[in-house]
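K.L.:
The chain contents come next:
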Amino acid sequence: MALLDKFLPAAAIREQLSAGGHDPTQVVMERIISPTEGIVEGRHTILAGTNNYLGLTFDPSCVAAARNAIESQGTGTTGSRMANGSFSAHAALEQELAGFYQVDHGMVFSTGYAANLGTLVALLKPGDAVLLDADAHASLYDGCLMSGADIYRFRHNDVASLEKRLERLGARAQDCLIVTEGLYSVLGDCAPLVDIVALRNKYGAMLLVDEAHSLGVYGDTGCGVAEAQGVMDQVDFFVGTFSKSLGAMGGFCVSQHPELDLIRYVSRPFIFTASSSPSIIASTHEALKQLKSRPELRESLWRNATRLYQGFNDLGFETGPEISPVVAIKLGAKEVALPFWNQLLEKGVYTNLMVPPASPDQHSYIRCSVSAAHSEEQVERIIEIFGSLRGLLQDDR
Amino acid sequence: MGFISGRRSLNAQINEIENRIKRLLASYLESSNHPELEAHGEITGDTNLVSDFTLDSFQVMEFMMELEESFDIMIDMNALSNTHTVRDLAVVVEQELAD
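Here the protein sequences line up with chains A and B, keeping their order.
All residue numbers for the first sequence refer to my numbering, where the first residue is 1 and numbers rise by one.
All residue numbers for the second sequence refer to my numbering, where the first residue is 1 and numbers rise by one.
Think of the hints as simulated: they come from the structure by calculation, not from any bench.
Treat each hint with caution, since some may be false.
Cross-link-like lysine to aspartate or glutamate pairs, in silico, EDC-like; alpha carbons within 16 Å at most [stated by the list, open to error]:
| no. | chain 1 | residue 1 | chain 2 | residue 2 |
| --- | --- | --- | --- | --- |
| 1 | B | K22 | B | D46 |
| 2 | A | K164 | B | E66 |
| 3 | A | K164 | B | E69 |
| 4 | A | K202 | A | D236 |
| 5 | B | K22 | B | E94 |
| 6 | A | K164 | B | D72 |
| 7 | A | K125 | B | D76 |
| 8 | A | K347 | A | E384 |
| 9 | A | K289 | A | D59 |
| 10 | A | K164 | B | D76 |
| 11 | A | K292 | A | D220 |
All figures in this text were calculated on a predicted structure; none of them were measured in a lab.
So that you can see chain A by itself, here it is in the shape it has in the complex (with noise of 0.2 Å):
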């Protein structure tokens, strides 16, 4: 019985998330119309919380490509990669993916966590450095520490807290690893790469940036923080995802240093999972050429991002510190972020609800992800219900 006393603290953290009708974490879809709308609980819905931000998933040629896949090389790899699931798809994907990023090594993982940690812990071993931004996703941490590294911390997007640590380590930042995110994906912020990496240069440090909500919506070409602040070169390994952007699963890492080819043969997430569905790889792939052919998918999701953000604080709403595809509005306490995305469900419109210890501070947040797919009359009318409920915050605010 002990053994299964540690999730009484799990169980009160249902019943209080229960309390309001709905607990955030299970809710289910009935049925997906469109990547912008769903039936939840018999009710049409306004999906504005799940990372669709170039709206892919129901896009023709996508869907064909995944049909296609199935009908001609099955439902599944039924194995690993170094086993029997390398197909020629997922090399093709893999030069893909590195020609994208204009760098020669590519690998792909079968989620975006299996990604960072493959990755991380076959980069670090017991003995050497990491620096990590304290805001970084659990998927980084959980890499980190699987490692055994050294993990030291550095507040969130502060360059004058990295250089300290930098310092601090004195020889050893020349072999030390930073690792950050490209787009923060609660509060929409970025990471101020072209400092960072001007400290990379001067420490003689590597740099693995996670692009996971960055991916398709940020630079030229849509590959993400790095290509919009023009440092892409100088970034030593760069992470992303499939499920996002690109209306799939997976994940991938790029870099220019040849030495990631021969993570595959040391980096257990990576030797010991079985290789992502042909379908997956399929979609995915034909994702990444609408990403690249259709700049105007980022434009119209920089215009929903931008109405979104200016709607809300229009409405007196407290946002994040700049426009994104990610909106949050910080609600304070979670006794009253609760009743609020609970209202908006009920309300028609499905969000994240971020409290403490998920979000970056004490304080709770409601957050929104913007897509492509959005049509005007769906972001006005995510706005006016925010506006219907403004009066739930009066007292905590």
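Please build the complex by placing chain B on the supplied structure of chain A, with the hints as guidance.
P.N.:
Showing chain B alone in chain A's frame:
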């Protein structure tokens, strides 16, 4: 004799660090309006950083960042896995200062 005086000196150092951590923790709890500071009363070496104040993982990590800045050290996250009390933390800080 030298060994014993060395140990006394180390203990004195750890006690000094422990007292400083107590003040930092009280200040952190006060600044974050933590409701259990008054209820808990005096912070001692045996005070458990998590269970005595129900600090969540974010708050623990934020406090660690403040601690690092105050002592001008870096603490490896792995060193915290077996750190539960103020005294445990004082030992970790002492080791970092000695390195």
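K.L.:
Next, verify each hint and record whether it holds.
P.N.:
We went through each hint and held it up to the structure:
no.: 1; hint: K22(B) with D46(B); result: holds, 11 Å
no.: 2; hint: K164(A) with E66(B); result: holds, 14 Å
no.: 3; hint: K164(A) with E69(B); result: holds, 10 Å
no.: 4; hint: K202(A) with D236(A); result: holds, 15 Å
no.: 5; hint: K22(B) with E94(B); result: holds, 15 Å
no.: 6; hint: K164(A) with D72(B); result: holds, 9 Å
no.: 7; hint: K125(A) with D76(B); result: holds, 14 Å
no.: 8; hint: K347(A) with E384(A); result: holds, 10 Å
no.: 9; hint: K289(A) with D59(A); result: holds, 12 Å
no.: 10; hint: K164(A) with D76(B); result: holds, 15 Å
no.: 11; hint: K292(A) with D220(A); result: holds, 10 Å
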